[in-house]
Amino acid sequence: MPATPRTSGQLFLRGALDALALPAWVVGMSLFAVGSLAGETGFPAGAAVLSTLLIWAGPAQVIFFAGIAAGTALPAIALAVGLSSIRLLPMTMSVLPMLREQAKDAPRQILVAHYVTVTVWVEALRRLPAMPPDARLPYYLGFANTCLGLCAVTTFIGYSLVGALPLPLAAGLLFLTPTFFTLSLAAGARGTSDWFAIGAGFVLAPLSTALVGKDIDLLVTGLVGGTAAYLFGRPRRGAA
Amino acid sequence: MSSEALQSGLWPYLLVIAFGFLPSEVWRVLAVFLARGFDERSEILVWVRAVATTLVAGVVAKILFAPAGALAAVPLGWRLGALALGIAAFFLARRSVMAGVVAGEAALVAATWWIAGALP
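Residue numbers (this note's numbering), protein chains in the order written: chain A, 53 to 292; chain B, -10 to 109.
Every clue listed holds true.
Computed, partial: chain A to chain B, Cβ under 8 Å:
id : residue
1  : L140
2  : F254
3  : A281
If you're looking for bench data, these hints aren't it; they were derived computationally from the structure. Just so it is clear, the structure is predicted and the values come from calculations on it, not from any experiment. C-beta atoms are modelled at their ideal positions from N, C-alpha and C, and glycine is treated no differently.
Whenever a hint applies, use it, and build me the whole structure from the sequences.
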């Protein structure tokens, strides 16, 4: 394998530029919506920005602030946030082994794990495998920090413009997350089992909500649909 | 909880950390320890990835079928229709995420505009 011609700084920059090409703006806009939702709760702007820096998961932040606004009991909010973020477990598990070369110890891996969100996960799965292992971490950090930094700013702007948004725009911003998640999955899909998983998640989630309630529906959806997609893809992978 | 309590001092920050950050971050930290020893090409990660993909699609479905905030004002049929349009645009534009997002968003915003009637 040829030595990588790039320095860490160049790789970091390339990650940052790839993020600014589109993904960071889309997440940024959806966190703009989170910021404006937070603005309706009476929380200070700093807490809204902190939620982006720390929670860093749009749907969880929406649940958190919508729950606060609705006066939901705090433990119930925490439970709903936790259950909505289960996807972060398998997502992080699939990203980490690609970065282990340079993030060997637990503290570094926990730092790397913190950046995982759908956007970062999709791009990491798409781009990192083709890169030499020692070039991946700076690229990843450039990409992820750019997304996170831009989103901190848009969260603040969204918070500041609360109430100024007409309904269609507010709805449009909240619609960014499902649209971008769907298209990111479609863009990253590499075979029939990926399509199977996407379809299974979409169909099973409402079914699970009806069958097991809105708390553990995602867990059931992920395990049942994901396992089915895996089993569906296994003979096809073996044949390939 | 009163709105004064939410706005005073460190309370809101602590609420974000205790009831937002920790229950979400626990999955990322758990993943660090569960991913130990798995090679990036290992079979179990293929399954893990399938579960993750299904979960993300499940989150999309939940947002579409039971949305929060302003999106709840848009009827379900329009939400699904706008997403379908976005997906169609994505494929028509040779798998361009940008084209799909723009088309889906335009459809949803236009539909909401129409539903909401005259706007300031």
